[in-house]
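*Asks:* Now for the letters of each chain:
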Amino acid sequence: MGFLELVNFYIIPGIVLGSIYALGAVGITLIFAILRYAHLAHGDLATLGAFVAFAVVTGIGVSPYAALPVAIVATALVAVGIDKVFYEHLRERPKIITVIASLGIALMVRAVVQVIWGVDSESYVRGISRPDVYFGLRIRDREIYTVLAMLALVGALYVFLSRSKWGKAMRAMSDNPNLALLSGIDNKTVIVLTWVIAGGLCAAAGVFLGINTELKSMMGWQMLLPMFAAAILGGVGRVEGAVLGGLIVGLAEELSVLILPSEYKAATAFVILLFMLLVRPTGILRGKVL
Amino acid sequence: MSTLLSMEDLTGGYGEADILRSVSLHVDDREIVVIVGPNGAGKSTAMKAVFGLLKVRGGRTVFDGDDITGWSPNKIVQRGICYVPQVDNIFREMSIQENLEMGAFLKKGDLSAAYDRVYELFPDLKERRRTLAGSLSGGQRQMVAMGRALMLDPKLLLLDEPTAGLSPRYMEQIFQISRDVRDTGVAILLVEQHAKQALAFADRGYVLAAGQNRHEGTGADLLANREIAEMFLGG
Amino acid sequence: MEFIGLVNYALFMGIFIAIYALLALGLNIQWGFAGLFNAGIAGFFAVGAYTSAIITSAAADGRIGGFELPFLVGWAGAMVAAGLIAWPIGKICLRFRSDYLAIATIGVAEIIRLVIKSEEALTNSARGITGLPRPFGDLPYVESQAAFLLLMIAILFVAYLLVERQFNSPWGRMMRAIRDNELAARAMGKDVEYRRLQAFIFGAALMGLGGALFAHFNRSITPEAIDPMVATFLVWIMLILGGAGNNRGAILGAAVVWIIWSVSEIATDQLPHEYAVKAKYIRLFLIGLLLQLVLRFRPEGLLPEPLRGDQGASRREPKSSARV
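Protein chains in written order, with numbering that gives the first Met the number 0: chain D, 0 to 289; chain R, 0 to 234; chain Y, 0 to 323.
Certain hints may be false.
[As the list claims (entries may be wrong)] SDA-like mimics (lysine to any residue), calculated; alpha carbons at most 25 Å apart, straight line:
id	chain 1	residue 1	chain 2	residue 2
1	D	Lys-94	Y	Arg-297
2	R	Lys-154	D	Leu-180
3	R	Lys-54	D	Asn-177
4	D	Lys-187	R	Gly-108
5	R	Lys-54	D	Glu-87
6	D	Lys-164	R	Gln-77
7	Y	Lys-277	D	Glu-213
8	R	Lys-106	D	Phe-159
9	Y	Lys-116	D	Gln-221
10	Y	Lys-90	D	Met-275
11	Y	Lys-116	D	Pro-260
12	Y	Lys-90	D	Arg-35
[As the list claims (entries may be wrong)] Interface residues of chain D toward chain R, partial, derived using beta-carbon atoms under 7 Å:
id	residue
13	Lys-167
14	Ala-171
15	Asp-174
16	Asn-175
17	Ser-182
18	Gly-183
19	Ile-184
Derived from the structure by calculation, the hints contain no laboratory data.
No residue lacks a Cβ here, since even glycine has one placed at the ideal position from N, Cα and C.
If we strip away everything but chain D, and leave its shape as in the complex, we get (with noise of 0.2 Å):
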């Protein structure tokens, strides 16, 4: 095999699927280390935003990428509504309560998705797109978006970590509760925040793995672990090391191919996660073990 035979089908796939999975593993990474739980509902969140914006393309007809916004809000405010209703009155019990809780509102809202769409798999757009060949890469526009609208996002959250006063303050919150709270920074409004960022990168995820394959009710739930690995294999925390983690969790799986029967590659993430545990449970970027 050639090397722009590497590149166009197993290096630009796992770098548009890393760039989806780093959407969602950020948010993961960001309620394990403020909330301190691993979020079982996650994946099914973002299928829920992935068909949030399915009903804006098919309602008013406009372009996935114009629904994104609309799907971004509409998910962060549901899992802030989730936190408000479902989580908020666990938060004093141990953190495993909630991890239990998570697994049910998993199955409550992807059983809200099978009733409102069924469970056949659609698509945003009919036909197929044919990739442009830039110097005999062979690169989709829909790829190039989705790993500009990754960097953006991630671009911006990083920005608003590390300058505004609030970002700072979830920083501290999750650095070290206590003195956070010794320092009378706000619990529920990081928590409230946490939220927004975490629901609004998770519909993003989803929408991009909509335009980039399709659209089912399980493609959620088939998310959780890869965003998982990428999470803890980045560190714990770390929203650079979410990115990282999710490039490499998508490029690991797109390149199993190589080596394992394609029916496999999911198993990667799996293999990835287990073998972080095992030699090096901080991650990369040495982020927190709970």
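Add chains R and Y to chain D, keeping to what the hints say.
*Replies:* Then chains R and Y, alone, in the frame of chain D:
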């Protein structure tokens, strides 16, 4: 000099059991007061009681004319008491400057005067203000922790074993800085394991044992007391 | 429905309750007892079902297995296989908080699903393995069902007694101490990891047995026989509703949830087709909601964990108090 803080017959604990039993103490304006005593005497607990981290079942705490018994730590911070815990008292993953900024979270408006004041007390920190706090040495971390607490211009600073785990050189430095802080008009209440050195440096001291007041007096008087020397200070 | 139909339905339901109760007991060892979060119950169930199927079925072309051994050998094999899968996962994940185990078990279940779907030589992929021996399968239908149910109840009873005995042994006391006090647990170090691993493996073995019983009851096992997410979730709600830490609670929860689940299915099946399909998902939504309600309003479940002497005033769920 007027009384800034007075704790009157305070009884309470974290759960059902009382750790403090009728403890009384007071801190005057611009005074450094130290609490010493054997392990498990309730020293740190007494300090946490001031900061509203305890279930109080009797007695009260008055600060600057207000009865602050039962107030939330958040409200107490805003009233003018800042607290530096013994461990985990910095944000490791944040720069020195960001640590200070978080300390001033409740403050509206321009922070530059507050930064200047803290950096004047801790010139070492100013040069390294972009450095991650977690990469500093133990003594410098303690300075960051104190600096964070001073950002809100408290009237009273609570220090929980500020010299724990520090070398004698740093211990002396922390004491010196505490005096400098006091000279800017802040009273200090601290808990110390190094009783001799702390009593020598403080204006007044309290000796607690088994959750109760045992002795009080100026540092020099307490150091001269044979019973204290034998019971708590190891001769 | 005529009388005989009702009897048949009751027998059928009883058998399913007994199988699910076994799964709930397995989860109770892991979660109720040791605080371990297993989100891949269906995976261990499937491993048990297929292992027993391979051991006991007749030989077939192009497929490994077909040893035609007695079903008891198959059931023992199912328990061993599920335990063997649990071992490395537990070994890697039990050092960390249970969140990691939850994610890893989701992964295990997913991979087991992939293997079942793709490894034709092992599982006969989509067609599954059929013609499994069924205890009392030669009797007339009703008698056969009744006898099978009795067998299930006997197995459940034995499992209950064994687990209950473990709960009350020094081993059980130590496990509860570990579960309730993470700090003390860490101080005990390696030994704790080992005991947690035991609990995880025992629980998984019971789930494997549940899978084997299910396969032999149906005389076959196919990838579509159970929906992994639904099965896993049902077992969780059974245990949480029944009362985590209480074995009788686990069994009661299995009965209550399964009755609600299957009666509501009968009800929704009466609807016109287009609504019946949606109704399935509405039922899933409601069962998810039920979990949220139980967690909020009755976290101890219908039958709370009995205070077993040693626990005294210490509480089941230590408050994650803010240490300052």
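*Asks:* Now tell me, hint by hint, if it's right for this structure.
*Replies:* Structure-based check of all given hints:
1. D:Lys-94 x Y:Arg-297: holds (17 Å)
2. R:Lys-154 x D:Leu-180: holds (20 Å)
3. R:Lys-54 x D:Asn-177: holds (18 Å)
4. D:Lys-187 x R:Gly-108: holds (22 Å)
5. R:Lys-54 x D:Glu-87: Holds, at about 24 Å.
6. D:Lys-164 x R:Gln-77: Distance of about 18 Å is within 25 Å: holds.
7. Y:Lys-277 x D:Glu-213: holds (21 Å)
8. R:Lys-106 x D:Phe-159: holds (20 Å)
9. Y:Lys-116 x D:Gln-221: holds (16 Å)
10. Y:Lys-90 x D:Met-275: Since the Cα atoms of Lys-90 (chain Y) and Met-275 (chain D) sit roughly 14 Å apart, the hinted pair holds (cutoff 25 Å).
11. Y:Lys-116 x D:Pro-260: holds (13 Å)
12. Y:Lys-90 x D:Arg-35: Holds, at about 23 Å.
13. Lys-167: holds (6 Å)
14. Ala-171: Nearest chain R Cβ about 5 Å off; hint holds.
15. Asp-174: holds (4 Å)
16. Asn-175: With a closest approach of 5 Å, the Asn-175 (chain D) hint holds.
17. Ser-182: Nearest chain R Cβ about 5 Å off; hint holds.
18. Gly-183: holds (4 Å)
19. Ile-184: holds (5 Å)
Hint compliance for this structure: no hint is broken.
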